[in-house]
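Two chains, two frames, some hints: make the complex.
The listed protein sequences derive, respectively, from chains A and B.
Be aware that the first sequence starts at 1, since it is given in the working numbering, and climbs by one per residue.
Be aware that the second sequence starts at 1, since it is given in the working numbering, and climbs by one per residue.
In case anyone wonders, no lab produced these hints; they're calculated from the structure.
Cβ coordinates follow ideal geometry from the N, Cα and C atoms, glycine included.
A hint or two may mislead.
Stated by the list, open to error - Simulated crosslink set (SDA-like; lysine to any residue; CA at most 20 Å straight-line):
1) B:K104 - A:F64
2) B:K61 - B:K104
3) B:K104 - A:G58
4) B:K61 - B:S14
5) B:K104 - A:E54
6) B:K104 - A:T30
7) B:K49 - B:A17
8) A:K13 - A:N79
9) B:K61 - B:P95
10) B:K49 - A:W95
11) B:K49 - B:P117
12) B:K49 - A:F103
13) B:K104 - A:F60
14) B:K104 - A:K13
To be verified - Far from chain B, by Cβ distances over 12 Å, these chain A residues were calculated:
15) T14
16) A19
17) T20
18) G58
19) S65
20) R67
21) L83
Stated by the list, open to error - Derived, one-sided and incomplete: chain B residues facing chain A with beta-carbon distance under 8 Å:
22) Y25
23) F34
24) G43
25) L44
26) L46
27) S73
28) F100
29) N102
30) L105
31) F107
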Amino acid sequence: EAGVTQSPTHLIKTRGQQATLRCSPISGHTSVYWYQQALGLGLQFLLWYDEGEERNRGNFPPRFSGRQFPNYSSELNVNALELEDSALYLCASSWDRGSGELFFGEGSRLTVL
Amino acid sequence: AQSVTQPDIHITVSEGASLELRCNYSYGATPYLFWYVQSPGQGLQLLLKYFSGDTLVQGIKGFEAEFKRSQSSFNLRKPSVHWSDAAEYFCAVGPDISNFGNEKLTFGTGTRLTIIP
Chain A
1 EAGVTQSPTH
11 LIKTRGQQAT
21 LRCSPISGHT
31 SVYWYQQALG
41 LGLQFLLWYD
51 EGEERNRGNF
61 PPRFSGRQFP
71 NYSSELNVNA
81 LELEDSALYL
91 CASSWDRGSG
101 ELFFGEGSRL
111 TVL
Chain B
1 AQSVTQPDIH
11 ITVSEGASLE
21 LRCNYSYGAT
31 PYLFWYVQSP
41 GQGLQLLLKY
51 FSGDTLVQGI
61 KGFEAEFKRS
71 QSSFNLRKPS
81 VHWSDAAEYF
91 CAVGPDISNF
101 GNEKLTFGTG
111 TRLTIIP
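One chain only, chain B, in its complex shape (with noise of 0.2 Å):
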């Protein structure tokens, strides 16, 4: 079975700065991986995925996260934060392609980012 780990409950960046929010899984082939935010008084909403392929994935809002097999992870980045992104952003991962079903997903228990001016 697949887990996920997100290491930061809460992050602080000042407006303009750099993000980068961990993600780490366990799961013992190439897994399904994707991003999910939540921001205040909405559903979460898919910022994006990779399934194969070119491991940085470009997404929605500005964001990219990089698969890196060799450390686990899948990391979510961003050049420069808005006040906007303040919001809880979850890693989910499933298992591979053979296996796969929406239901499969494995969220971490997420990271909320707060923006300073």
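Next comes chain A alone, as it looks inside the complex (with noise of 0.2 Å):
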């Protein structure tokens, strides 16, 4: 069974662009979770989208914004990108809302230049 999956590996912009990472769910899984990891920093909860719809989301500006497609995968949008946001995005699904358990991707790193 393939695991969650995410591309691009890697992705480099500069200031003031936009960048789209994309997710793949593992199958049967509804919900999808992002997450920033920056340098030394924990992971920081972005957004959480389920069965379509964004059901949560972390304490970031507007211009982090995603979507979920029928299929449940998911796209990630960072808007006017600037340096602060570079770091690893780690996609993540579930089966259950409530159970902790929580199956991640390799990640996306952005770098903003």
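Given below as structure tokens:
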């Protein structure tokens, strides 16, 4: 069974540009979570999608947005990129909203120059 | 709001030696507690979790953790480490059952474990 897959693995952008990151959850998982892992910091919760709807978002500005498609895959968009957006972006999926068991992808490393 | 601290950024252990990774949390009630591992080139994987009951929790790969309310700790242990245990370990805390949702997990900053021969 395939795990959570993310693309691209690496992405380099300049300040002010937009970045789009993609995530495919494990088959059968309807919830997708996005996290930011900046250097020296723990995972910071960004967004949660379930059944095509945004269910919750973390303490991030509106330029961080996304969506979930009918096949449960998801996309994270970061507009007006800033240098401090450079980080590893992790996607996770889960079969249960309250199990605490998240299945993570390997992440997409975004570098903003 | 809950918080979690992993005091050790990097730990080096000899293969075959015992291991203890520290995790301290802050939360007003009894939290839900988790340990995740991130092996090189892989996503985070759940090692074990504590919701209630027996304070000593067994996980995968021979790991265990003990919830100590008096010390606000949930330390991860393994009696004998293997070279394949080299990875980054993350402790996470969530609110109690009345408030819990996966998106409410708070992760620590991680402890990198290096294994030497």
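In rising order, the numbers of the hints this structure does not comply with
Per hint list: 2, 7, 9, 11, 14, 18, 22 and 27 violated.
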